[in-house]
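S.K.: If you read the protein sequences in the order shown, they are chains X and V. Take the first sequence: its letter number 72 is residue 72 in the numbering used here, and every next letter is one higher. Take the second sequence: its letter number 144 is residue 337 in the numbering used here, and every next letter is one higher.
The set of hints was computed from the structure by calculation and includes no laboratory data. Heads up, the beta-carbon is just placed ideally off N, CA and C, and yes, glycines get one too. It is possible that some hints are incorrect.
[Said to hold, decoys possible] Calculated from the model, a selection of chain X residues having no Cβ within reach of chain V, i.e. all distances over 10 Å:
id, residue
1, Arg34
2, Leu59
3, Ile76
4, Asn111
5, Leu128
6, Gly151
7, Leu152
8, Glu161
9, Leu189
[What the hints assert, rightly or not] In the DSSO-like style, the derived pairs of lysine-lysine whose C-alpha atoms are separated by at most 30 Å in a straight line are:
id, chain 1, residue 1, chain 2, residue 2
10, V, Lys318, X, Lys91
11, V, Lys391, V, Lys207
12, V, Lys207, V, Lys293
13, V, Lys262, X, Lys92
14, V, Lys290, V, Lys207
15, V, Lys207, V, Lys394
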Amino acid sequence: MSDLVWIFVSALLINNFVLSYFLGLCPFLGVSSRLDTAFRLGLANIFVMLITAFCAWFLNTYILIHAPYLRLISFIVVIASTVQFIEMVIKKLSPALFRALGIFLPLITTNCAILGLAIFATNRGYGLLEGMVFALGAGAGFTLALVLMAGLREEVEMATEVPALIRGTAMNLIIAGILSMAFMGFAGLFSST
Amino acid sequence: MPRTKENAYEEFVKGLWRDNPVFVQVLGMCPMLAVTNSAINAIAMGLATFFVLVGSSLLVSSLRRWIPKQIRISCYIIIIATFVTVTDFTLQALVPKVHKELGAFIPLIVANCMILGRQEAFAAKHSVRLAVIDALGMASGFMFALFTLGAVREILGEGALFGVSLFGADFEPWIIMILPPGGFLTLGLLLLFFSWVKERKQQMIARLAEAEGEAQ
Numbered sequence: 001m002s003d004l005v006w007i008f009v010s011a012l013l014i015n016n017f018v019l020s021y022f023l024g025l026c027p028f029l030g031v032s033s034r035l036d037t038a039f040r041l042g043l044a045n046i047f048v049m050l051i052t053a054f055c056a057w058f059l060n061t062y063i064l065i066h067a068p069y070l071r072l073i074s075f076i077v078v079i080a081s082t083v084q085f086i087e088m089v090i091k092k093l094s095p096a097l098f099r100a101l102g103i104f105l106p107l108i109t110t111n112c113a114i115l116g117l118a119i120f121a122t123n124r125g126y127g128l129l130e131g132m133v134f135a136l137g138a139g140a141g142f143t144l145a146l147v148l149m150a151g152l153r154e155e156v157e158m159a160t161e162v163p164a165l166i167r168g169t170a171m172n173l174i175i176a177g178i179l180s181m182a183f184m185g186f187a188g189l190f191s192s193t
Numbered sequence: 194m195p196r197t198k199e200n201a202y203e204e205f206v207k208g209l210w211r212d213n214p215v216f217v218q219v220l221g222m223c224p225m226l227a228v229t230n231s232a233i234n235a236i237a238m239g240l241a242t243f244f245v246l247v248g249s250s251l252l253v254s255s256l257r258r259w260i261p262k263q264i265r266i267s268c269y270i271i272i273i274a275t276f277v278t279v280t281d282f283t284l285q286a287l288v289p290k291v292h293k294e295l296g297a298f299i300p301l302i303v304a305n306c307m308i309l310g311r312q313e314a315f316a317a318k319h320s321v322r323l324a325v326i327d328a329l330g331m332a333s334g335f336m337f338a339l340f341t342l343g344a345v346r347e348i349l350g351e352g353a354l355f356g357v358s359l360f361g362a363d364f365e366p367w368i369i370m371i372l373p374p375g376g377f378l379t380l381g382l383l384l385l386f387f388s389w390v391k392e393r394k395q396q397m398i399a400r401l402a403e404a405e406g407e408a409q
């Protein structure tokens, strides 16, 4: 049990996917200008991550034992088709949710955090339950980073003192650096155990 | 349609500076920040990306007549994933130490949006020769950016370059630079520097134009 808690907290805070593994930077820098869209994208990501973790576990246990060199290709194909499939299902079952997620759902395919999740889970030899908890933690961590970033960016947008030269990607990266520094503090959480 | 030599040269050079994938287009950031904590890792990552980009551009542009338009993205992804798998196993066999340090970031080259972007934007529409030249330019630009970032971070973070100490024992290394925040900060400051240089240049051109206008 404590193992699962550790996996969750580690993926959520200590080894945050965005701020310490640099995964999923494209949506992190691209879609973090508004707080509400950032939050929704984060939720969609958690959803896809959970499904990916399950698929990765299934592939690893039943299929890739026989052909390990196909791992990368099969992961990519599975993620792309899963996202497409989820898109269709959501569109059919709940048009309201589909509209809320909008363009972000298909964009998740190209998010390296998803592929990274599948690869990390495989490299560390996680089982089904561990993999799911890892996916939940990583997704929640991604959402947390995205929401924090969006909040900060909305504030900075208002500030008139910021010179025009630094606005844009340069400033976002520096803000991300400071956020990442703050997250390093969480590394002390488990040092005593 | 015959292309002149200048044109090919132009396609190569644009990737190095004017359209540099990292500093100007801000693409392919994920692998870029994660592995640039030392110059040698940065170069290894750059070489791996170089091989994948040139190989997939070559294949995509030679197959461009036969790839159906509707499923082209999936085809590109599969081609890229094949080259990445080849790279992954090759590195594991030849230089296991580097492979271990880069870890999961070699397979993650697949998700480098810069590579997919070049296939979609260039290789799918141009001849094999031009596509390869473009890929060579872009990949060199990417490698240059990786190396700059890796060198800056290693020099400040460890006081060394390629593991050779530069400043002697008195230098207090800025540990933060080789940790994750250093990656964000260094790239942010480099981008800031480039946009400063660009603005200076524009101001200079504007001032020159003004002076010329007055002289006439």
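S.K.: Hint by hint, say whether it matches the structure.
M.R.: Structure-based check of each hint:
| no. | hint | verdict |
| --- | --- | --- |
| 1 | Arg34 | holds (19 Å) |
| 2 | Leu59 | holds (14 Å) |
| 3 | Ile76 | violated (5 Å) |
| 4 | Asn111 | violated (7 Å) |
| 5 | Leu128 | holds (20 Å) |
| 6 | Gly151 | holds (17 Å) |
| 7 | Leu152 | holds (13 Å) |
| 8 | Glu161 | holds (16 Å) |
| 9 | Leu189 | holds (16 Å) |
| 10 | V:Lys318 <-> X:Lys91 | violated (34 Å) |
| 11 | V:Lys391 <-> V:Lys207 | holds (16 Å) |
| 12 | V:Lys207 <-> V:Lys293 | violated (33 Å) |
| 13 | V:Lys262 <-> X:Lys92 | holds (26 Å) |
| 14 | V:Lys290 <-> V:Lys207 | violated (34 Å) |
| 15 | V:Lys207 <-> V:Lys394 | holds (18 Å) |
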